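Enquirer: Please put together the full structure from these sequences, using the hints given.
Number of protein chains: 4
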Amino acid sequence: MSYAEEEIEIEVPFFDLDPMNVVWHGNYVKYTEIARCKLLEKIGYSYPEMVRDGYVYPIAKMDMKFIKSATLSQKLLIKASLEEYEPSLKIKYEIKDIQSKDVIFKASTMQICVDAVSRKSLYDAPQGLKEGLKCLSIS
Amino acid sequence: MSYAEEEIEIEVPFFDLDPMNVVWHGNYVKYTEIARCKLLEKIGYSYPEMVRDGYVYPIAKMDMKFIKSATLSQKLLIKASLEEYEPSLKIKYEIKDIQSKDVIFKASTMQICVDAVSRKSLYDAPQGLKEGLKCLSIS
Amino acid sequence: MSYAEEEIEIEVPFFDLDPMNVVWHGNYVKYTEIARCKLLEKIGYSYPEMVRDGYVYPIAKMDMKFIKSATLSQKLLIKASLEEYEPSLKIKYEIKDIQSKDVIFKASTMQICVDAVSRKSLYDAPQGLKEGLKCLSIS
Amino acid sequence: MSYAEEEIEIEVPFFDLDPMNVVWHGNYVKYTEIARCKLLEKIGYSYPEMVRDGYVYPIAKMDMKFIKSATLSQKLLIKASLEEYEPSLKIKYEIKDIQSKDVIFKASTMQICVDAVSRKSLYDAPQGLKEGLKCLSIS
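Keeping their order, the protein sequence lines are chains A, B, C and D. Throughout, my numbering is defined as the position within the first sequence, counted from one, plus 1. Throughout, my numbering is defined as the position within the second sequence, counted from one, plus 1. Throughout, my numbering is defined as the position within the third sequence, counted from one, plus 1. Throughout, my numbering is defined as the position within the fourth sequence, counted from one, plus 1.
No lab work stands behind these hints: they were computed from the structure. Bear in mind that the values here come from a model prediction, so they are computed numbers and not experimental data. Ideal Cβ positions, reconstructed from N, Cα and C, are used throughout, including at glycine. A hint or two may mislead.
As the list claims (entries may be wrong) - Not the full set, but computed from the structure, chain A residues with beta-carbon under 7 Å of chain B:
id, residue
1, H26
2, G27
3, V30
4, A61
5, M63
6, D64
Expert: If you want it as structure tokens, here you go:
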């Protein structure tokens with residue numbers, strides 16, 4: 002059970018491949034970010050809203066498991082699920098091959114809400130994030 | 002106590018920064034890779050030797066902790082330490098600000114040795130890697 | 002008049018932004034590559050076919066004009082047009098904002114077909130590329 | 002004859018390689034940026050000084066010639082030369098293999114000084130840049 006979920010599709014571009022002809026492991030961080038941004042957009046509390054409210058939400062921890070390799074033009078489904086939003090934002094990620102449904106990659110991130118001016122960590126989620134989640138759970 | 006260690010220095014380039022004017026979190030994967038490659042070079046068993054011997058050494062797991070942010074032209078010291086080489090290669094990383102010695106980032110990677118032809122995992126480290134480590138411990 | 006054209010859409014991701022909050026100039030090279038790959042797929046002669054036929058097609062020249070900046074989540078239309086295929090592959094690119102139709106960026110690339118074994122440049126386009134273009138002009 | 006020159010060395014990292022085992026062409030943009038930043042630091046007018054004075058200096062044009070390929074751990078010498086500073090900043094780049102002195106890559110960039118607030122282009126170089134160049138020519 003997660004508070005909110007979003008799925009996006011990507012097609013592996015040439016410039017993400019390494020000499021083994023597979024996606025270089027560091028590029029999965031980009032794939033998780035695209036899915037996370039879409040999840041936060043769905044909640045209605047993404048980067049522009051954070052900036053407007055005076056918050057930053059840096060990644061404090063990220064764990065990645067590389068299960069299978071992916072190659073040129075492979076179509077991937079990236080799911081991001083919000084697992085926790087207080088005291089920190091915990092998001093899980095799963096990447097599957099769209100055709101075979103094979104799991105390619107799993108990850109999780111933990112983000113801490115920080116006041117952009119005082120640089121203090123906040124343990125309550127921003128009001129805008131909580132309201133966005135409430136709207137989403139009703140709809 | 003680690004089997005082998007290596008340290009490198011980098012200076013944060015402009016293209017690694019994000020709109021918050023700090024290193025984008027995904028770029029730390031690159032910094033760890035530079036240090037890991039130098040550690041493996043020191044051991045005498047890096048990418049060209051693996052290819053020659055018919056092995057690949059994909060990253061299977063990577064965990065990252067982002068402790069402080071880093072910004073333009075900041076000089077960073079990146080240490081990679083080999084913690085384990087059988088049945089898998091475990092390397093720890095620590096990034097410090099060169100001046101203040103503040104710890105910026107910590108990470109660990111786990112790599113599994115795979116036969117490039119059979120695609121089977123190997124639990125014994127390649128002979129070349131073990132010999133390299135032996136030479137290093139004597140010197 | 003071009004021999005073949007293809008258009009793709011992208012949405013600017015966070016990790017492509019620089020401290021000025023706009024797409025870092027080097028990332029446009031990625032956008033052109035995505036469009037070029039789709040154009041070559043449409044022709045039916047992309048990276049896997051080149052490898053199969055024993056050719057590589059390195060970029061020899063690239064010129065870029067940065068006209069307007071692009072920012073987070075902006076939707077861009079990237080057009081790639083094949084201008085010439087013998088003795089070299091010349092492709093033009095234009096990036097527009099999808100909504101305003103403002104031109105953001107223009108570029109051109111020149112690629113030379115090289116025999117992967119002999120490393121010699123070829124001045125005739127590969128047969129597969131010419132046949133793909135013929136099919137496309139008929140359809 | 003150029004107004005100022007700077008040279009830097011880099012060693013090609015694994016993550017810059019593509020499936021052909023050579024540096025992916027878009028990564029040369031990063032190499033030029035590292036050299037350009039060092040050239041501007043030498044002049045004493047780099048990114049922090051521009052921000053302080055209220056200017057931005059976006060790249061308006063960039064032309065690249067890819068002459069030879071570069072591969073893992075290859076040591077490259079990157080030279081940036083200031084060719085013009087008014088009405089626009091023109092910098093030339095040349096990348097050589099450190100050992101063989103073979104030229105790998107050439108490029109040029111053109112940047113326009115823009116007032117960060119009014120967004121107007123300036124045709125006179127910032128005072129700080131001109132003074133930096135004067136100091137450099139005397140020393």
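Enquirer: Are the hints correct? Go through all of them and say.
Expert: Going through the hints against the structure:
no. : hint : in the structure
1   : H26  : holds (4 Å)
2   : G27  : holds (3 Å)
3   : V30  : holds (3 Å)
4   : A61  : holds (6 Å)
5   : M63  : holds (5 Å)
6   : D64  : holds (5 Å)
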